[in-house]
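Respectively, the protein sequence lines represent chains A and B. By the UniProt record's numbering, the letter at position 59 of the first sequence is numbered 59, and the numbering carries on one by one without gaps. By the UniProt record's numbering, the letter at position 250 of the second sequence is numbered 250, and the numbering carries on one by one without gaps.
It is worth saying that the hints were derived from the structure and are not from the lab. Warning: the hint list may mix true and false statements.
Since the list can't tell identical chains apart, any single copy or any two copies may satisfy a pair.
To be verified - List time: in silico DSSO-like cross-link candidates among lysine-lysine, alpha-carbon distance up to 27 Å:
#	residue 1	residue 2
1	Lys497	Lys52
2	Lys449	Lys52
3	Lys202	Lys431
4	Lys431	Lys123
5	Lys373	Lys123
6	Lys497	Lys85
7	Lys116	Lys449
8	Lys259	Lys202
For clarity, every value in this text was computed on a predicted model and none was experimentally measured.
There are 2 protein chains.
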Amino acid sequence: MAAAEAVHATYPPRLTAEQEQFLVSTIKDWTIQNGLTVRPPATFVSQDAVSKGVLGTNAPVTLFPSPFPRSSFEEARAVQKIYNKLYADITRDEKWLGEIIQELLDVDDFVSGLWKVHDAVKKEGYVQDLSLGLFRSDYMEHTPAGSENPSLKQVEFNTISSSFGGLSSRVAALHSELLSFPPGQPINYPSHPLLDGRVPPKNTAVETLSAGLAAAHSAYGPSKSSPSLPLCIIFVVQEGERNIFDQLALSSRLSNFHKIPVFRLNTTDILDLTSIPGSNSSRPLIYTPPHAPSTSFEATTVYLRGFYAPTDYTSERDWAARLQLERSAAIKCPTVLNQLSGCKKIQQVLADPNREDHLSRFLSPGDSDTADKLRRTFAPQYDLHENGRGRELALNVETAASHVLKPQREGGGNNIYKTAIPGFLRSIPEKDWKSWVLMELIQPPSEAKNVALRSDGAVISGNVVSELGIFGTILWSSDGRILHNEEGGWLMRTKAKESDEGGVAAGFSSLDSVILY
Amino acid sequence: MAAAEAVHATYPPRLTAEQEQFLVSTIKDWTIQNGLTVRPPATFVSQDAVSKGVLGTNAPVTLFPSPFPRSSFEEARAVQKIYNKLYADITRDEKWLGEIIQELLDVDDFVSGLWKVHDAVKKEGYVQDLSLGLFRSDYMEHTPAGSENPSLKQVEFNTISSSFGGLSSRVAALHSELLSFPPGQPINYPSHPLLDGRVPPKNTAVETLSAGLAAAHSAYGPSKSSPSLPLCIIFVVQEGERNIFDQLALSSRLSNFHKIPVFRLNTTDILDLTSIPGSNSSRPLIYTPPHAPSTSFEATTVYLRGFYAPTDYTSERDWAARLQLERSAAIKCPTVLNQLSGCKKIQQVLADPNREDHLSRFLSPGDSDTADKLRRTFAPQYDLHENGRGRELALNVETAASHVLKPQREGGGNNIYKTAIPGFLRSIPEKDWKSWVLMELIQPPSEAKNVALRSDGAVISGNVVSELGIFGTILWSSDGRILHNEEGGWLMRTKAKESDEGGVAAGFSSLDSVILY
């Protein structure tokens, strides 16, 4: 049995009914007291009650922190600033990025729509040299049969709306408090070597992400309006966002600590509440709060927590709103190009072992050490071009069995797993195959288990799969200057494993923390 | 028009629909993010959803802080430590207290039940010399027609379960944030001279109340068990408490800042989970958490947030549980005698202008200055004894019109107002009259208005009546030594005024803060 399996074999320790009852009721109270919350869905609460907008419920959380190898955790942290810079450099390399994106334009309307926004602004000319990235690199522990030590494999790299920094920090605090109560003589968990004297590492996600936004705000410089206007940051959000408290953790920090005004703006309100004066060639983005119509603000930074998915664009008006943001002088987090750099296709091109070496293009010549560090985190990925290795692996049911087929965007419910891949591919037109990426499945510890409290109060336990995300922020200029590059804070997300399929359940996912071993 | 009326005539400033919408939605978010919450009632949420124990909703709060005269606020703070000591001294004077309580024994089962607990422990002998009081003295601004300056009048003095310190601190923080956003250029409220550059004073209720409990914990000394046990504080609470987050603000502060273990214990679980070893004449109160049955704790301090009302005692078993606490070595907050010192009858005896001077009994001889300070806060109060002034005022509909009739316990729904008093008295047996106290009505500013957000999301506005509570803590020994005497933190509670009755609505009450003028 490999080391990772040994760790998970006895973990988590079994709870008595009284222990479980105590942990569950304490977590139910702690989450509401400390804003580790989401707005409840209209499932166990009536739509009528939800519509009043006053209720909160606990975010889904695990009762136990999950064990994670310290070496892998440190490795993930150590490469984050390299990844930050890599994705900044990819974003700056419009030619290279464009060539890859071109392949997707005729099969992916969303990618195509985004590219058109970039094209339009490029024609007019960009007025803002700076870009801000709030990134999250997601990993799994890879423990293939027969291997002695687990390795760290990247699942995906998020360049837009990287979420859960706010709530994740609170889960670490929750587990730390539970593990250390009472002070000096903790009694909340059954005795277990992994829990003895250990607490999750400090989670600085809120501080780090907010500091990134504050750095952009500061780098924007003085108002470009005349007469000059007060400056602000705008959070672009989805209407009816249930995960609002994750976002508020960042805006509160910006307001209360950095003393920067933050306004929330629904994607659907952008064209009504913002404007770019036609007479000002600097194109400042002016925001006028409806509750204070006599005071206008100039947005230094636009932080997108909406507009990341096709469902955010229901009409041309939404695309016009995105264009308004993109052509403005506000620093975008992210720009359209930076969003596109997060396409699965980009990761595949970098990680495809059968293609030319694209990675080196973005690294200092001869810096094979950095290239190796990044490559160690890659799982093999392939496109499905004719006569290519990827197509061969995908269509053969035996080799498909160790792979996952992913579309360009966020994983979860859209992925096709294992032996279902050949049949799925044959069911869609071959011309659409190029919008899919084949990735070798990461093999997480098969014995990992945990217990989770859902938002509706249900407690479930069983085998789980966990993903570790590392947050990073980078502010760069189109000429390649890096003004700010930080790593800090993390997310552990744990999903119930569907035993029959072997895939990851799309529906259920809990916030977790880590115990390093 | 008196000064107070002038202040309230234009306050609060009128909100546009957009301003109200912004304030309401911001408060809905802020409250859940920051634990300014209660568990929702089973009115707008189904009993089924409530039973899962995961939902929170905003505590009812005002949109605006309420104006309050700075001189009255300072006066209330200045007398708090004097009041703390007065009620400690009353509690120590068992003979005097007992004589007054005797009058109530045959008409008030609850008072009688409490006295029996004291009697039983007295016979056995008390083993704990120290008592802890967490008090709240409640006041209204008194603005009778024709008076130039408002004065401060005490509504009641609470000696048990003085609540809302936890949530009240957060309301002050909420209003302060709303008033100062964005930094340097606030825009959330319409312009008004009372709000210009002002925020509520700092509210240290959580720090002050927790420090009182911590002082008792420390004064308890080492474990009285052998072998010695780890020490803890116990919060005795009601099952299904909706106001739990108010209490958790204190226990979190004790755990996280003072590093003192705190356990919550339902009144109904006391006899199952605590014990006093018969073999130990020091009578330590031993608590064994059901989730960690191998670890027992010794309670230094028992803080009652239950057992304050007759409804907390449904059987002899509940009285036995109260007796178990009272006879133990734990420092009680409060003792039975301290709870009884909060009877309305005590306040009436102190404040009755037609009775002998009882107040001086508890003050240093010749200290007329202190006596005057306290007396200035008294509203005239009377008992209803035969041929007395109180009976005369109560039975005459003309004089009754400026009075309120109060039972021994918490006000609100049980009070009889104004012209309803004579009829009410004639409807009950004359022998029961002695359980009632007649109090001259305090006349709060008649033009005071505010807007409140209820827990179900409804927004209501109109004329209001506000009460200011000042928190204080005192730890004393039966021999008169004062180990700790502090004042700190406050509560502003604002109720809708029922215009037809002129009385205070029992049903609806919001947490508020103050703007001092």
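Review point. How do lysine 497 and lysine 85 come out at 27 Å by Cα distance, when the copy is not named: within, between, both, or neither?
Key: neither (34 Å within a copy, 62 Å between copies)
Point to revise | Homo-oligomer pair classification [lysine 123, lysine 431; C-alpha up to 27 Å] | key: Answer is neither: 30 Å inside a copy and 94 Å across each miss the 27 Å cutoff.
Check your understanding: Given a CA cutoff of 27 Å, do lysine 202 and lysine 431 count as a within-copy pair, a between-copy pair, both, or neither?
Key -> For lysine 202 and lysine 431, the Cα distance exceeds 27 Å both inside one copy (48 Å) and across copies (67 Å).
Exercise for review: Measure nothing new, just compare the shortest in-copy and cross-copy C-alpha distances for lysine 259 and lysine 202 to 27 Å and report within, between, both or neither.
Suggested key: both (24 Å within a copy, 19 Å between copies)
Review point. Using 27 Å as the alpha-carbon threshold, which applies to lysine 373 and lysine 123: within, between, both, or neither?
Key: Neither, since 38 Å and 78 Å both go past 27 Å.
Practice item. Go through the copies and call it for lysine 449 and lysine 52: within, between, both or neither, with a Cα cutoff of 27 Å. Key: Result: close only across copies, 24 Å inter versus 37 Å intra.
Exercise for review: Could you place lysine 497 and lysine 52 in one of the four classes (within, between, both, neither) given a Cα distance threshold of 27 Å?
Suggested key: Between copies, since 25 Å is at most 27 Å while 35 Å is not.
Practice item. Classify it for me, lysine 116 with lysine 449: is the Cα-Cα distance of at most 27 Å met within a copy, between copies, both or neither? Key: neither (46 Å within a copy, 55 Å between copies)
Against the hints set out earlier in the document, violations occur for numbers 3, 4, 5, 6, 7.
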